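Colleague: Chain residues, written in single-letter form:
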Amino acid sequence: MTLKQKQTVVVTGAAGFIGSHLSELLIQKGYKVIGLDNLSHGILQNLSFILGHSQFEFIQGDVRDFELLLGLGRRVDAIVHLAAYKIPRYGNALETLDVNVKGIENVLKVSQEVRCRVIFASTSDVYGKNPNLPYSENSDFYMGSPQIQRWSYAISKILGEHLCFIYGKEHGVPMTILRYFGSYGPRQNLTWWGGPQSIFIDCALKNRPMPMHGDGLQTRSFTYIQDTIEGSLRALERREAIGKVINIGNIEEITILELGKKIWKFVCGSEEPQIEFIPYRQFPGRYEDVRRRVPDIRLAKEILGFTPRASIDEGLIPTIEWQRGVTKR
Amino acid sequence: MGSHLSRALLEKGFRVVSLDDFSHGNPENISDSIPSPEFTFYQGDVLDKNFLKEISKEVDMIIHFATYKIPREGGSLKTVEVNTKGTETILEVAKERKISVILGSTDDVYGKNPELPFSEESALVIGNSNSIRWSDAISKIYSEQLCFAYQSAYQVPVTILRFSIIYGPRQRKDWWGGPQGVFIGKALKRESIPIHGDGLQIRNFVYISDAVEGILRLIEREEIRGEVFNIGSSDHIRILDLAYQIWSLVGNSGKPKIEFIAYSDLCQDYEDVRIRDMDLTKARYLLGYDPTIGIEEGLKSTIDWFRSNE
Chain A
1 MTLKQKQTVV VTGAAGFIGS HLSELLIQKG YKVIGLDNLS HGILQNLSFI
51 LGHSQFEFIQ GDVRDFELLL GLGRRVDAIV HLAAYKIPRY GNALETLDVN
101 VKGIENVLKV SQEVRCRVIF ASTSDVYGKN PNLPYSENSD FYMGSPQIQR
151 WSYAISKILG EHLCFIYGKE HGVPMTILRY FGSYGPRQNL TWWGGPQSIF
201 IDCALKNRPM PMHGDGLQTR SFTYIQDTIE GSLRALERRE AIGKVINIGN
251 IEEITILELG KKIWKFVCGS EEPQIEFIPY RQFPGRYEDV RRRVPDIRLA
301 KEILGFTPRA SIDEGLIPTI EWQRGVTKR
Chain B
1001 MGSHLSRALL EKGFRVVSLD DFSHGNPENI SDSIPSPEFT FYQGDVLDKN
1051 FLKEISKEVD MIIHFATYKI PREGGSLKTV EVNTKGTETI LEVAKERKIS
1101 VILGSTDDVY GKNPELPFSE ESALVIGNSN SIRWSDAISK IYSEQLCFAY
1151 QSAYQVPVTI LRFSIIYGPR QRKDWWGGPQ GVFIGKALKR ESIPIHGDGL
1201 QIRNFVYISD AVEGILRLIE REEIRGEVFN IGSSDHIRIL DLAYQIWSLV
1251 GNSGKPKIEF IAYSDLCQDY EDVRIRDMDL TKARYLLGYD PTIGIEEGLK
1301 STIDWFRSNE
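Chains as they are written, first to last, in my numbering: chain A, 1 to 329; chain B, 1001 to 1310.
By construction, these hints were calculated from the structure, which means they are not laboratory data. Note that the coordinates shown come from a computational prediction; the quantities given were computed from them, not determined experimentally. It cannot be assumed that every hint is accurate.
[Claimed, not checked] Capping the alpha-carbon separation at 16 Å, the derived lysine to aspartate or glutamate pairs in EDC-like fashion look like this:
{"id": "1", "chain 1": "B", "residue 1": "1085", "chain 2": "A", "residue 2": "95"}
{"id": "2", "chain 1": "B", "residue 1": "1078", "chain 2": "B", "residue 2": "1021"}
{"id": "3", "chain 1": "A", "residue 1": "244", "chain 2": "B", "residue 2": "1269"}
{"id": "4", "chain 1": "B", "residue 1": "1112", "chain 2": "A", "residue 2": "95"}
{"id": "5", "chain 1": "A", "residue 1": "109", "chain 2": "B", "residue 2": "1081"}
Can you make the complete structure from the sequences, with help from the hints?
Modeller: Here is the structure:
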C-alpha cells in the first residue's frame, strides 16, 4: 500500500509547527492534504502559504471528535497524526493524557473501518531516563513516579504506541510509529512548547538573559524541521515502514548551554552571552530532567534510506532569521 | 481480593457497595457477605459511568480493583481498555461525587528495573511497545498518572497501592491467579508442573489477609492520601522452589515433574523479569503495615481451600 502521488492525506495538528511544514511538503509532492487542527496551540498563520491552495483544505476540529475523523477518514488514503499536547509541567497533565490517547485511539478506529495508512508521531521522551545511549528503537523506557507530572507526556505516547501495535496486530491497521527527537526551525512555537531554541533566540534578539534549566549541561539531539518532515514523508511512502517504530532524529549532540551560547553568538556577535540559571526546584511540583538523549538512527537509514542532513549551525541560521522577522512584526 | 476486602470492611462496621461483571470474579466468593444488611452487590461494568454514578450516591470512597491482567489471554485491546477507561470512569465519578479513590496497581509497573528492591520512587522500566507483554504494565502506569492528574486538576484524593502476587483462599486457579494457583492444582492431581522460562525468576508473594490488612490501615488513616505504596511481603521465592515446596506441602513424595514452557510459546517478544523484590519501608512507616503470614503457612491454608473446593 505504498502511497502514490495524487492521494489524499489528513494531517492532524496541521496548523502546528511540524504539521504545517509537512502539509506544505505533501502538497509540493502532489498530494491532496486535509489539515485538521483545533487551533489550541497551532495558528492559521503557519498555513499562510497553502491556505487557499486548490490541493489544501483546512478543517477546524478536535481529534477527540470520532465522527468528524471518521468522515475525513472515508475521503483519504492516510492519516498523519501529529496533534498532541506536550508540556504537562504547566499543570495540564490531564489534558495531555486525555488528548494524546483519545486522539490516536480515534485515528486507529477510523483506520480499522476505512483501512487508511496511519503515521503516529511519538517522541524521544518515551526513552525517559534510560542511561544507556544511544537509544535504538528497542531500548527500554525509563519512567518516573506518577507523582511527577512530567512523565504524563511520555506515558501517554507509550500507551498510544501500544494501541498502534495492538490495532496493527488485532485489526490489521497499517501503521508506522515515528519517534521524533526535538525538532526545531521556522514556525516553531515561541514558548517552551516549541523547545529551548525559540526562547533563547527571543532572549538574544531582545538582549535579555537566556533562562537555563538546571546546570545547562544536559544534552539533546535537535533535528531541523526539513529533516523531520523528509523522514516523515518517506515513512508515509514506504511499504517497508508498516508495522515499524522508527527514530527520526539527528545524532549531533549538544548541551543546552552550548546551544544557548551558539544562538547568542549568531544573534549578537561575539559579545558575552547573558544566562540565567533556573533550578528545577523552581518548577511547579516535582520535576525530573533527562541528562542526555541521542538516537540510534540506523533503522531509519535502513528502512527509509533517510539520514538527517542539516547540522545545528545550518538549522539555527534560518530559524533565527525567521524569528527575527516575526519578532519585528 | 475484592471479596476478602468487602468482608473485612463489613466486620469493621463499614457499609459496602460492590460491583463486579463476573467476567473473572465468582459469585460464590461473596456468599458470606451477601446476608449482611450493610452489603449491596451490583453486577455491572466499570466502564458504565452512569451506572457507577448511580450506585455511588452515598459512597465516601471508591476502591478500584476491577482489572484485566494477561494480555496474552483474550487480547491486549481489552486489557488496555478495561484498565485505562475503567480508571478514568472511576475518577470521573469521584470528581462529580467529591470522594476519594484507591487504585489497585501492580509491581509489574517496575518492569525490568535492575535496581532492587523496588521503592515507590524507583524508575518504571518497561520494554518496547511492540511486545504486548507490556500492555498491562503501561495501562497501569497510565492509570496511576491519570489518578494524580485528577488529584491535581480536581482535588480528587487518590492513593495507589502496588501489589505483589497476592495468594490465598478464593484465588483463581488459573494463571490469572498467579503461578501458585496453577501449581497447587497440578500438585493435587500429581501432574507435571508447568513453569515459564527456567523457573529461576524470583517473585514476591503476599498472603491475602496481610494485603487486606494493609488496605484497611490505609482506609482508616484518612490523613494519608496522595501517596503510592508498595504492598508485598518479605517472601521472595524462586518459582522453581515454589513448585517443589507446593509439591511437598500437598503431601506428594519425591520431586515433581516440571514441564518447562519457553517464553516464545507465551507471546511474541516475551520478556520476563528476573527478580521482583519490594521495599516496604514506606508502608511500614506510614501505615504500620506488617505482613505476618509466611509463605509456608499461607500456602497450607491455600492448599486446604483448594482441597475443599475441588
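Colleague: So which of the earlier hints does this model not fit?
Modeller: Hint check: 4 fails alone, others pass.
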